[in-house]
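Enquirer: All chains, please: the whole structure from these sequences, using the hints.
Protein chains in written order, with our numbering: chain A, 1 to 269; chain B, 1 to 275.
No wet-lab data here; the hints were simulated from the structure.
A few of these clues could be false.
[Said to hold, decoys possible] 20 Å max Cα-Cα, derived DMTMM-like pairs, lysine to aspartate or glutamate:
(1) Lys106(A) <-> Glu150(B)
(2) Lys150(A) <-> Glu150(B)
(3) Lys106(A) <-> Asp146(A)
(4) Lys150(A) <-> Asp183(A)
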Amino acid sequence: MTPTTSAADTAPNTYAWEIRAGGLRVRVGRKKMAVDGLDLSLGTGTHGLLGPNGAGKTTLIRTLATVLRPTEGELELLGTSVGAMVDHRALRRRIGYLPQDFGYYKRFTVREFVEYMAWLKEVPKPHVPAAVQRAVERVGLADRADHRMKTLSGGMVRRAGIAQAIVNDPAVLLLDEPTVGLDPAQRLRFRELLQELGRDTCVVVSTHLVEDVAAACSDVVLFADGRLVFQGTPDDLAAAGSPDHPGDSPLERGYSALLQGSGRQGGTW
Amino acid sequence: MSGEHASRQLIDDYARGDATMAADTVWALEAHLETCAPCRSHLAACVATEAPGIAALLDTVRAGLEPQLDAAVRAPSRRVRPRWVAAWLTPAMAPWLVMTVVVTLMALLLDAVASPSFFGDISPVLAIAPVLPLCGVAASWSSGLDPAHELTASTARAGLPLLLRRTTAVLVVVLPGLLVGGWLTGTMTAAQWLLPSLAFTSTALALGSVVGVTRAATGLAVAWGVLVVVPASVTGHVPLVLRLVLQTDQLPVWGLLLALGIGAVIARRNAYSTL
Chain A
1 MTPTTSAADT
11 APNTYAWEIR
21 AGGLRVRVGR
31 KKMAVDGLDL
41 SLGTGTHGLL
51 GPNGAGKTTL
61 IRTLATVLRP
71 TEGELELLGT
81 SVGAMVDHRA
91 LRRRIGYLPQ
101 DFGYYKRFTV
111 REFVEYMAWL
121 KEVPKPHVPA
131 AVQRAVERVG
141 LADRADHRMK
151 TLSGGMVRRA
161 GIAQAIVNDP
171 AVLLLDEPTV
181 GLDPAQRLRF
191 RELLQELGRD
201 TCVVVSTHLV
211 EDVAAACSDV
221 VLFADGRLVF
231 QGTPDDLAAA
241 GSPDHPGDSP
251 LERGYSALLQ
261 GSGRQGGTW
Chain B
1 MSGEHASRQL
11 IDDYARGDAT
21 MAADTVWALE
31 AHLETCAPCR
41 SHLAACVATE
51 APGIAALLDT
61 VRAGLEPQLD
71 AAVRAPSRRV
81 RPRWVAAWLT
91 PAMAPWLVMT
101 VVVTLMALLL
111 DAVASPSFFG
121 DISPVLAIAP
131 VLPLCGVAAS
141 WSSGLDPAHE
151 LTASTARAGL
161 PLLLRRTTAV
171 LVVVLPGLLV
181 GGWLTGTMTA
191 AQWLLPSLAF
201 TSTALALGSV
211 VGVTRAATGL
221 AVAWGVLVVV
231 PASVTGHVPL
241 VLRLVLQTDQ
251 LPVWGLLLAL
261 GIGAVIARRN
271 AYSTL
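Expert: So, in structure tokens, the structure goes:
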């Protein structure tokens, strides 16, 4: 039997925060600074990343996933500095990432897809079958594991995406709009999974559904125009709003209050 | 416990569910049982003799489950491709490789049947051979052509080693085709197209670290088409300057290009992880 723990598992962490950004700026295209001077520290727990459309949530998540390079400022993930011309291999083994619109090979079965991702993430070969099965079971796709991806419904594809993100037991899990396409029952199940993962992982969930944050997140990060507007617990967010602010729930009122306060709610929408 | 295994007495007590056993003994025993098959088989034997209640319970449960287990049919495995294929090729590359093979065959066909004046005094295979691998290389690391690119780009294997694997797969498909073609037509020696192909591939990878692999490969292929293939088919002969580099005695030029490309790839090896 292979040992269940290794020296790497029991070694103490040498970092205070899983994710730490200082003055982070990320340019998208030629001109637009999608993340513009962000200071953020995130530890273990489930962090809900809230913000209006175009706030730069996806760019931030892609940068945290080491897909985009930071233009300026510093970004430390798991104590490793991220930047240009650095080998991210060891760091990337410990990151799980679900993009907003993720592409996949339609002819792969769910198991092949998750197995392929496990191979890409350098999960040790003897652990791959068990890790794949565990990930597929956690998202409730065990009965569909041998079906091709193209036969799955939208919600199932999204769950397969969540399975590939958690297959390497990441220390930092980045989920971009993971609840899109899930039906209400699946959404409830997914919130439970998020809470479970947040116990020992730094989970960052980008969403614009305030109720997801209320139900599943231990911490809220409100983000607008590439800058941090608010960071605190869901209760703090609810406390920021008053009955005069638009919204149907305390959290929504807090959300609109903070966005108005930051003077960043442009347009009639 | 005696030696490396648990004593028979201990296993008997455990099987009976002896409440007087110390908790730490039970933990140690269970940890040992998890990893030791001989002790587990002792335990199985003990349960049958020492704890008939448990054995009876197990039989009842099994009898209850058996009809369900018999009814369950194992889903047929739909694995159609061996695991190693995905490690070298992506499904997104397959159509491009097929196209490359078809183009090679067409060029060979042209070579065999077309009038010699169509491409001037240079064989069509020779004209396109250097850029043939570039299609596959372009598709090997492309955000536009590969649907799973966004997922792949964030993984540990993303970077030069994965790109080299895929490039190798492209060359393994393309080069034998050219080799056979060259041998069949007898118009060119292996070195005449092999070095240029490899040189173009390495240059594409090297440029790719700056502008992206797809852009670099497409750019090189287009440049080659504009500079060599088009003038050759229009005027009937290759421009004089380029005619020189296609001669057999110009192989050192291609060798130098290949070496430069490889050197640049090695120097910029870390740039590939965030392309």
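Enquirer: Can you name, in rising order, the numbers of the hints this structure does not satisfy?
Expert: none
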